[in-house]
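Listed here are the chains, written in short residue letters.
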Amino acid sequence: DAKTTQPPSMDCAEGRAANLPCNHSTISGNEYVYWYRQIHSQGPQYIIHGLKNNETNEMASLIITEDRKSSTLILPHATLRDTAVYYCIVRVRSARQLTFGSGTQLTVLP
Amino acid sequence: AAGVIQSPRHLIKEKRETATLKCYPIPRHDTVYWYQQGPGQDPQFLISFYEKMQSDKGSIPDRFSAQQFSDYHSELNMSSLELGDSALYFCASSGPLGSTDTQYFGPGTRLTVL
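One line per chain: the protein sequences are A and B, in this order. Residue numbering for the first sequence follows the numbering used here, beginning at 1 and increasing consecutively. Residue numbering for the second sequence follows the numbering used here, beginning at 1001 and increasing consecutively.
Heads up, some of the hints might be wrong.
Claimed, not checked - Derived DSS-like pairs: lysine-lysine, alpha-carbon spacing no greater than 30 Å straight-line:
1) B/Lys1052 / B/Lys1013
2) A/Lys3 / B/Lys1013
3) B/Lys1022 / B/Lys1052
4) B/Lys1015 / B/Lys1057
5) A/Lys69 / B/Lys1052
6) A/Lys3 / A/Lys52
No lab work stands behind these hints, which were simulated from the structure alone.
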């Protein structure tokens, strides 16, 4: 699986949009971008995934650049409960494992 | 919606003892994954099962073994426990091939080895 690079930490004001970047410059054509988050010591929570088109669900939006070398997870109105470590993972759909990197610690400030 | 169930949620063992962790996947999910997360670390893949057969193996110690049963639940057996085995152990499950293959995680079992 391609390697991902994320900033180690970010802050966001409550009610504002949180934009979390991820670089995956070595991504190959059949690899998907997945986002998970982990709220302190809880099980990782699936957020969203995409291949090349932008995706949106009830939790977040995923913007993937046209060359697919980077992506941005957008939480439109961050709340205190969104404070967590956010993991960007690149994975071939048929791969049986997720490879977690260091992730981004997002802190939502009141 | 039903989620992945893990038991026990907390487990305390002595060195050299054995431990068994259980995982009950989301209904109709046929693939189970085990991950280990040490203190201050990111989750690391241990092993996975698809249709009761081992499908992938990660950094799982030889002292650990796992299996998936006919009802798709899985058990992780850990023997000769060491202090370094103290960690959170997560189980995840995913649906049949051809579906999204998205993995959904359980709440984890916190194992403490004294």
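Structure-based check of all given hints:
1. Of the pairs offered as hints, the one joining B/Lys1052 and B/Lys1013 holds, with about 28 Å between alpha carbons and a cut-off of 30 Å not exceeded.
2. For a cut-off of 30 Å, the pair hint linking A/Lys3 to B/Lys1013 is broken: about 36 Å separates their Cα positions.
3. At most 30 Å may separate the alpha-carbon atoms for a hinted pair to count; B/Lys1022 and B/Lys1052 meet this at roughly 15 Å.
4. The suggested pairing of B/Lys1015 with B/Lys1057 holds, with an alpha-carbon distance near 25 Å, which does not exceed 30 Å.
5. Note on A/Lys69 and B/Lys1052: the hinted pairing is violated, with a Cα-Cα distance of about 37 Å set against a maximum of 30 Å.
6. At most 30 Å may separate the alpha-carbon atoms for a hinted pair to count; A/Lys3 and A/Lys52 meet this at roughly 17 Å.
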